[in-house]
Amino acid sequence: MSHANNQAEKIKAISGVNPLKCMKCGKCSATCPAFNEMDIKPHQFVSYVQNGDIEALANSKSLWKCLSCFACVERCPRDVQPGRLIDAARQIVVRTKGQTGLAPEEIPELLDSEVPQQLLVSAFRRYRR
Amino acid sequence: MQRIGVFVCHCGSNIAATVDVKKVVEMVQMEPGVVHAEDYQYMCSEAGQAKIAAAIHEKNLTGIVVCSCSPRMHETTFRTAAERAGLNPYMVEIANLREHCSWIHKDMEEATKKAVILARAAIAKVNLNTPLKPGESLVTKRALVIGGGIAGIQTAIDIADAGYEVDIVEKTPSIGGRMSQLDKTFPTLDCSACILTPKMVEAASHEKITIYTYSEVDKVSGFVGDFTVDIRKKARSVDATKCTGCGVCQEKCPSKKAPSEFNRGLNTRSAIYTPFAQAIPNVPVIDRDACMKFQTGKCGVCEKVCQAGAIDYTQKDEIVTQKYGAIVVATGFDTIKLDNYDEYAYSQSKDVITSLELERIMNAAGPTKGHLERLSDGKHPHEIVFIQCVGSRCSDDRGKSYCSKICCMYTAKHAMLIRDKYPDVNVTVFYIDVRTPGKNFDEFYRRAVEEYGVNYIKGQVGKVIPQPDGKLLVQGSDLLDNKQILKEADMVVLATAIEPEASVRKIATMLTASIDTNNFLTEAHPKLRPVESPTAGVFLSGVCQGPKDIPETVAQAGAAAVKAIGLLAKDKLMTNPCTAKADELMCNGCSTCANVCPYGAISYEEKEINDHGIREVRRVAVVNNALCQGCGACTVACPSGSMDLQGFSNRQIIAEVDAICR
Ligand SMILES: Cc1cc2nc3c(=O)[nH]c(=O)nc-3n(C[C@H](O)[C@H](O)[C@H](O)COP(=O)(O)OP(=O)(O)OC[C@H]3O[C@@H](n4cnc5c(N)ncnc54)[C@H](O)[C@@H]3O)c2cc1C
Ligand code: SF4
Ligand code: SF4
Ligand code: SF4
Ligand code: SF4
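Quick note, the sequences are listed as chains R and L, same order. Numbering-wise, our numbering puts 1329 at position 19 of the first sequence, and it's gapless, one number per residue. Numbering-wise, our numbering puts 519 at position 504 of the second sequence, and it's gapless, one number per residue.
These are computed hints drawn from the structure, not numbers from a lab. What you were told as hints is all true, and nothing was included just to trick you.
Here are the simulated DSS-like cross-link-like pairs (lysine-lysine), alpha carbons at most 27 Å apart as the crow flies: (1) R:Lys1331 to L:Lys478; (2) L:Lys478 to R:Lys1371; (3) L:Lys74 to L:Lys37.
Given the structure is predicted, the values throughout are model-derived calculations rather than measurements.
Next comes chain R alone, as it looks inside the complex (with noise of 0.2 Å):
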């Protein structure tokens, strides 16, 4: 299995999402309150990883910008709860061996009221072994 596909599956096998059951009605990206801020946007985080295109995900402004809020989870009517991907994807960037993770004297200049909870817990994890 490619490197690429490896990751689409760690992907999936993490949020539990099966990206094939996505009609591509956009209803996910209509509800998004940051979706202005993404480059990829939640309907299209469901395509990235049924494309195999982990690279450009894990990259993408957006894994910084969701809420977590799950609006999209909530209102998806194939409950393919694109939310879980772009989780996921965070997961993954912020596990990946030899990066380093959030120190905590880093943190005072991030926090500001808009960055999830989530997201400041999984940076905080070291992955240096």
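Based on these hints, arrange chain L with the ligands on the given structure of chain R.
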């Protein structure tokens, strides 16, 4: 000893690609009783059937096994072929090598092994088969149609035109169904009433049609050709034989606060009412929950003003019992409740409406007299947003998994009608897909876009947010521009999913007709028997079977009528000989079987029995072959092992199991 022939069908490549048919032929020849075995590409074809007939003659076969597709598909075909060749049709058994084997397996070796086992089981059964002879039952030449929408009306007219008596049972005070609530109809945009009312009149004036409105089916017993049905005529409180339909009572009735069902609760009606002006029959009913006379004892205005003396507060529900040969279900649909879709603010704003409500608003006889206006403040709207697929195509537990099929077209209709009548109104439609398969349908939708300037946006709406100034903020996706759109609208119209009328569950239970997980009635075969229920003598017409527009409904209604006529035209029916039979020597008259029989087919007789030389009078079970449906419940319940199903005897079933386990 039987002389059995085995015929293995390739079913083209359906079976032969996964099952080694030659191997099956070779293996079955070793089975007891088998004197002939062969394979052929299509056993069901004329040539295939000729092979069977030839073998029956040449080898003097007493029984045959056809290894082919499901017996639901071709059991009758092969039984008829055998009968033509002089064999009793009940000496034919099918081994299902397609649905039960080749279609569900990939590995040839395994599939072949299983195919041989299935064939063996069938052979073991045929070894114990005995020739059976069907009985006869008479056909009552009268049909019942449940539901008086366009489907029920059309079916009734078609059956009546063929010369048979038909009764329509409609639960509301008038026939007409949903179509009577529509304003104009796609794809031709002719006015719904103008094409429906003449049909209603035709049904009502047809000498062979009797209409029971404000009535429901209470009880059904019997079987194909001979159903007995109790119809409950609910008390109208108005004597239909005296009422002239003048309408004075409705005008003078002081209680005018009941929500109008016909106008979807958008306005109110009087306690004594006909649902709409062209109602058939034009005889009002008193809604006793809303009537002051019934609630407080004071009033009685209608009785005083009625010149014909037709008001009768003492009327009671009446039960009419009638016999029918065929029953057609045409109970139609309703739109779903929107409680699960609060993001669209239906419960929060009067200006968020369903498409069916819009039909009433657009209609000259509707709550706004046909003027397009906001229900909150009566103002003329300038921006209208339509949202398609509301509650349809949802695989979560909030909505319906299916496409409602009609809403793409009626939304295009609504958009076009509004743009035509009010060119100053901007119309936007949010869609996921536009589905317009149908004659002249896509052209219709394109006209909305190209000629009427309706703005179609590909993307679903996420949320509708009522604003303090009364506007509605619509937040939706534009997937082609990859944008999120915020749009202020004056009205939002929801293309709400449709679902089968709730009472269909009760009807289906009474008829022992099956329904699917969405409560749509199931057809006997999805492709080849689309208007018949698997329950013999029960036929399906209109949306109760699945989403449909009017042209499709009418076509299906005609098809259901033809099937019913085909049944009514027969004087007698062959009954299934695979019925239960009690062994009198073993029966101890315990009544267990009669208690479990869902068809009331078992009774008891005091009979003189000769039990190995001992003569005594015993109480024994007797099965009425005309009533028994061969369900087998009694054979399982019988504690003495006396009850057995002919053609599916305990010995036969055990022999099959033994053959499989061998
Ligand atoms: C908003 C909207 C717009 C539409 N516009 C169009 C259009 O423009 N063109 C088009 O072709 N189609 C249109 N349709 C579809 C059309 O309404 C249906 O195809 C048609 O009404 C189906 O007829 P039916 O007789 O099967 O069901 P219904 O019209 O629902 O009739 C069923 C009848 O059975 C009665 N009933 C139900 N249960 C019982 C019971 N237990 N006992 C006795 N009676 C019972 C009901 O009271 C009703 O009278 C539209 C539908 C909607 C919702
Ligand atoms: S709401 Fe669900 S089905 Fe629709 S595009 Fe988003 S993920 Fe796909
Ligand atoms: S008696 Fe009932 S139906 Fe008649 S006028 Fe009074 S309220 Fe209306
Ligand atoms: S007919 Fe059109 S609007 Fe209705 S559910 Fe199907 S796709 Fe959606
Ligand atoms: S098989 Fe027995 S229980 Fe079933 S219908 Fe016949 S008599 Fe009744």
